[in-house]
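2 protein chains.
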Amino acid sequence: MSSAGLWKTLEALPPGQSVPLQQVFEQIPWNADGLIPAIAQQYDSKEVLMLAWMNAEALYETLEKKRVCYWSRSRQQLWRKGESSGQIQELKEMRFDCDGDTLLLLVDQTGPACHTGRRACFYNLVQGESLVVDKPVLIDPETLYGK
Amino acid sequence: MSSAGLWKTLEALPPGQSVPLQQVFEQIPWNADGLIPAIAQQYDSKEVLMLAWMNAEALYETLEKKRVCYWSRSRQQLWRKGESSGQIQELKEMRFDCDGDTLLLLVDQTGPACHTGRRACFYNLVQGESLVVDKPVLIDPETLYGK
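Protein chains in written order, with the numbering used here: chain A, 1 to 147; chain B, 1 to 147.
Just so you know, these hints were derived from the structure itself, not from any lab.
Source: prediction; values computed, not measured.
Where hints are given, some of them may not hold.
With a Cα cut of at most 20 angstroms, we get these calculated EDC-like pairs of lysine to aspartate or glutamate [to be verified]: (1) B/K8 / A/E142; (2) B/K46 / B/E129; (3) B/K135 / A/D99; (4) B/K8 / B/D101; (5) B/K46 / A/D108; (6) A/K65 / B/E129.
Just chain A, with the same shape it has in the complex:
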């Protein structure tokens, strides 16, 4: 079955119907770098915390360990979220979108998700002709990552 075929099949299914996950893994439309974007959302408050990227290995590890692992594009290596800061993300739910090219992760985020020490990465608000920082730093990054 082609990738588009699998996702088309899912489109037409009523709630409660399913396909085997193994089949899905074979049909993920990875981008040219072998990655898929993953949105992390705090499961209870519903705050959108961040967007990062996963390769296949990061995705499988996240599902197996229920702790979120991304692929760092800048460092070109697996990025086990919280491995240096302690600010881990416990996976509560993983969802694929309608064409399978984006993930939504419902997580329980320990402390700040953002490397700046803010709870979430989206603290830059467009307001008129300005970009305004509207969220405080909760923990100094030097404390989070050591000096």
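Using the hints, position chain B against chain A.
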């Protein structure tokens, strides 16, 4: 100022401080295709509706008209969300993340955001060894898009 420099400057600002938006526009780290991913979240329920992409023109139009316009990668043209279905997204808030390479749009979505007629695109839930469809179609796509 380099792109990284601008975003680093913002990192260090306390809440309430800002930079001119024009300066931001010149420092968006567009991907190789000249695009930036945009997460659309329903502003009141906080449900994550979808992820799509914007080029500069789509971004400027969205801010000007307060109606969300994306760039369709499959059709390679501006995609004024709702132009054929009527299911528009009114822009309530636009946010940039910490390194400026992702947008979060708080929107008021009329009806279904998803082309399948479901409210949101993330209806495919990983559950054990299966991918389960867990959201119903609200409006038949044939009704949304005509036949």
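Next item on the list: List, from low to high, the hint numbers that the structure doesn't satisfy.
Entry: As far as the earlier hints go, only 2 is violated by this structure.
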